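Protein chains in written order, with this note's numbering: chain A, 18 to 412; chain B, 240 to 329.
Read the hints as simulated data drawn from the structure, not as lab findings.
Keep in mind that a hint or two might mislead.
In the BS3-like style, the derived pairs of lysine-lysine whose C-alpha atoms are separated by at most 27 Å in a straight line are [to be verified]:
#1 B/286 x B/244
#2 B/244 x A/311
#3 A/406 x A/145
#4 A/264 x A/311
#5 A/247 x A/225
#6 A/328 x B/244
#7 A/134 x B/286
#8 A/247 x A/145
#9 A/311 x A/328
Computed footprint of chain B on chain A; a stretch qualifies when at least three of its residues, placed anywhere within it, have a C-beta under 8 Å from a C-beta of chain B [stated by the list, open to error]:
#10 24-36
#11 69-79
#12 325-336
On a predicted model such as this, the values are computed, not experimentally measured, just so you know.
Even for Gly, the Cβ is constructed at its ideal location relative to N, Cα and C.
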Amino acid sequence: MTPHTPFVTTTGPLKDHYDAVVVGGGANGLGVARHLAMGGMRDVLVLEKSYLLAGASGRNGGGVRAQWGTADNLVLARESIRMFRDMSAELGFNVYFRQGGYLFLAHDEKTVDALRKTVAFHNANGVKSRVVDAHEAQIIVPDLSTSGVLAASYHPGDGIIFPWAVVFGLAKKCTELGVDVRTFTSATGFETSGGRVTLVRTNRGDVKCDWVVNAAGCWSNQVADMVGLKLPNTPVRHEILVTESLKPFLDPMVVDLRNGLYASQDMRGEIISGIGMPGEKPGINFQSSFAFTKRVARALVDILPNLGEVKVLRQWAGAYDVTPDSKPILGPSPGLANFVQLNGASGHGFMISPMTTLLVAQSILGQPPSIDMRPYRLDRFGPDWVAEKEPLVIG
Amino acid sequence: MTTDKCMVCTCEDVNDIELREAIARGCRDLESLKRYTGFGTGPCQGKACVTLARRLLSEVTGESVEALGAITYRPPVQPVPLRFLAGDEE
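Starting from the given sequences, assemble the full structure and let the hints guide the process.
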């Protein structure tokens with residue numbers, strides 16, 4: 018590809034028919050399109066209703082960690098880390114993946130006990146995390162205030178990535194593979210027949226299709242509504258801020274388990290930080306709040322006091338697409354076999370996207386799945402379903 | 240020595256040649272152009288560069304500057320130290 022070949026198109030006619038139409042141009046939508054094209058699918062269309070990065074793929078904090086509390090999330094994240102390591106080379110585009118680890122801080126005995134159990138669980142599942150004491154935590158993060166810190170869990174293989182670069186790199190690779198990547202092009206409706214979606218309506222005309230992938234993030238339930246399918250997903254706002262750039266000083270992502278604060282230093286030197294906001298109401302809301310600014314600033318300066326003089330440049334909001342068990346929804350839909358879900362990742366959709374997109378592409382292409390997909394399918398929410406709650410959703 | 244290069248975003252060191260390349264790659268709106276090149280993401284948050292980038296985008300694409308609009312400006316208006324925001328009370 019020469020430097021000036023477009024990696025995304027807005028105008029021009031769509032084809033009459035596509036093998037697969039992917040709704041959503043984020044890391045998941047573009048990722049599955051890439052795997053489908055690599056698997057030999059000829060005509061793949063990605064519909065992005067706005068600009069690339071308008072959704073959660075452009076609004077998340079870029080954290081990538083295998084330190085999860087349930088096996089279903091852990092395995093997706095663990096395998097995705099392995100895939101992120103290869104991503105720059107595979108895409109021909111630097112995605113700025115840096116494995117500086119994740120450090121989860123515990124300030125009370127109950128949390129320390131939980132961390133010890135979690136670390137044993139990680140170790141039994143191929144994730145080499147360990148419990149460190151406050152002294153070692155401060156060696157890992159010299160600027161850390163150990164006031165009240167009893168212990169921490171640390172996994173050096175966790176890291177951060179630059180989400181903007183991932184999405185642009187995926188768009189470039191998709192286009193090279195012949196995928197039709199369209200921005201400012203939205204799915205406005207579907208036609209179904211005999212338990213299958215047969216046609217997608219867009220603001221640029223109708224297209225026939227063999228497969229539809231719903232990778233619309235916090236808009237996934239709206240997309241599913243258009244075919245009369247109910248998803249259990251709920252969008253919930255989460256806010257993040259970024260500071261001016263500093264010389265590299267913060268190796269791992271630091272998480273404070275008292276309040277859901279997380280902070281990392283990206284490859285541009287900025288501190289990226291978010292925090293859970295108790296009482297946040299469900300709904301799509303990208304407004305910034307000063308309540309968040311105050312809460313995150315206080316929590317951040319509390320664990321990293323030297324950041325007090327560092328200036329905030331910008332804050333923004335995005336939405337988690339939250340499921341009842343904080344696990345993604347992947348694969349075919351009951352009653353609509355070719356309407357495939359790739360959503361509901363509950364705040365970790367970006368970090369698990371290498372693996373979720375591979376699994377969904379495998380299911381469409383009829384290839385054997387890399388791991389058992391049953392825990393992620395929409396039909397898991399049947400009458401016998403019991404929630405195994407993921408304890409380590411942060412933010 | 241002089242060159243034809245023109246600096247557009249001094250915070251993030253983005254020049255007109257890089258913007259033209261990004262436009263040619265498909266970044267034909269300000270939000271895409273900002274994210275692909277990084278212009279407007281530094282300490283000034285676009286105050287000094289958005290109008291220049293918009294004029295260039297308008298020239299290349301033929302879209303009017305009115306139609307191109309602006310990037311989403313986000314708080315704070317000026318960079319603010321975290322300790323001021325942390326404050327004393329909830």
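Going through the hints against the structure:
1. For the suggested pair residue 286 of chain B and residue 244 of chain B, the alpha carbons sit about 21 Å apart, so the restraint of at most 27 Å is met.
2. Note on residue 244 of chain B and residue 311 of chain A: the hinted pairing is violated, with a Cα-Cα distance of about 42 Å set against a maximum of 27 Å.
3. With a C-alpha separation of about 23 Å, the suggested pair residue 406 of chain A and residue 145 of chain A falls inside the 27 Å cut-off, and the hint holds.
4. A hinted pair counts as satisfied when its Cα atoms are at most 27 Å apart, and residue 264 of chain A with residue 311 of chain A qualifies at roughly 25 Å.
5. For the proposed pair residue 247 of chain A and residue 225 of chain A, the alpha carbon gap of about 23 Å is at most 27 Å, so the pair holds.
6. Note on residue 328 of chain A and residue 244 of chain B: the hinted pairing is violated, with a Cα-Cα distance of about 31 Å set against a maximum of 27 Å.
7. At most 27 Å may separate the alpha-carbon atoms for a hinted pair to count; residue 134 of chain A and residue 286 of chain B exceed this at roughly 50 Å.
8. In summary, the hint linking residue 247 of chain A to residue 145 of chain A is not supported, as the alpha carbons are separated by about 39 Å, beyond the 27 Å threshold.
9. At roughly 13 Å between alpha-carbon atoms, residue 311 of chain A and residue 328 of chain A fall within 27 Å of each other, so this suggested pair holds.
10. By the rule of at least three residues with a Cβ nearer than 8 Å to a Cβ of chain B, the coverage given for the region 24-36 of chain A holds, with 4 such residues.
11. Evaluation of the coverage hint for the region 69-79 of chain A: fulfilled, as 4 residues show C-beta separations to chain B shorter than 8 Å, against a requirement of three.
12. Requiring three or more residues with a Cβ within less than 8 Å of a Cβ of chain B, the coverage given for the region 325-336 of chain A holds, as 9 such residues are present.
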